[in-house]
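Those sequence lines, one after another, are chains P and U. The opening residue of the first sequence carries number 1 in my numbering; numbering runs sequentially from there. The opening residue of the second sequence carries number 1 in my numbering; numbering runs sequentially from there.
Just so you know, these hints were derived from the structure itself, not from any lab. Among the hints, erroneous ones may be present.
To be verified - Listed next, the in silico SDA-like pairs over lysine to any residue satisfying Cα-Cα at most 20 Å (straight line): (1) K100(U) to K7(P); (2) K100(U) to G52(P); (3) K110(U) to F61(P); (4) K100(U) to Q98(P); (5) K7(P) to R43(U); (6) K55(U) to E103(P); (7) K7(P) to S69(P); (8) K100(U) to Y33(U); (9) K78(U) to S69(P); (10) K110(U) to V19(U).
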Amino acid sequence: SAVISQKPSRDICQRGTSLTIQCQVDSQVTMMFWYRQQPGQSLTLIATANQGSEATYESGFVIDKFPISRPNLTFSTLTVSNMSPEDSSIYLCSVVEQGGGYEQYFGPGTRLTVT
Amino acid sequence: AQTVTQSQPEMSVQEAETVTLSCTYDTSESNYYLFWYKQPPSRQMILVIRQEAYKQQNATENRFSVNFQKAAKSFSLKISDSQLGDTAMYFCACTSGTYKYIFGTGTRLKVLA
Chain P
1 SAVISQKPSR
11 DICQRGTSLT
21 IQCQVDSQVT
31 MMFWYRQQPG
41 QSLTLIATAN
51 QGSEATYESG
61 FVIDKFPISR
71 PNLTFSTLTV
81 SNMSPEDSSI
91 YLCSVVEQGG
101 GYEQYFGPGT
111 RLTVT
Chain U
1 AQTVTQSQPE
11 MSVQEAETVT
21 LSCTYDTSES
31 NYYLFWYKQP
41 PSRQMILVIR
51 QEAYKQQNAT
61 ENRFSVNFQK
71 AAKSFSLKIS
81 DSQLGDTAMY
91 FCACTSGTYK
101 YIFGTGTRLK
111 VLA
């Protein structure tokens, strides 16, 4: 299965600032996803990021708040903009491998705390 | 719309015993996939087991097996010979051709020594 890394692993940020989270995969992947996991909760899909096209956002998430880049088949970034304490969460990226099935493989997550 | 329900917020089991985690789902798709993921305190989501809806045989991975009841839309996970390292949150998930997952709310499992 794909090996996925995320940077940073955690950060503490001031409200009103922005943070960019990186997701790097050790192989080319078809689809990448970004999730938010609020404390003690399940995972909520933010957006689907496919290479060569604009990210597709889920209801309740907008590009101005969570801009995403997908410059190639192994890398993506998610920016959390103009942060507020409500953005404090774990952010995870996941991938679907080329030629694989429907299983997703997840990165280790980025724990964000906004003060 | 797809939904996934996990009705057990927390469970505990003695080491070496067997435990079953419940999951029910609802989907209008004829072809779909079901998964169990484990999230230990390290927060890494780990795929435990997968089941294709078109397969009647229940999936098995070492100590982990599922009881897939398609008509009842039930997909429970059985963990045999529980180990301390099985302590984690367990999420049930469903997807169809869009690749997007719908996750359940999770079951926190604690294995007791």
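Handout entry: Numbered hints the structure breaks, given as an ascending list
Key = Hints 1, 3 and 9 contradicted; others consistent.
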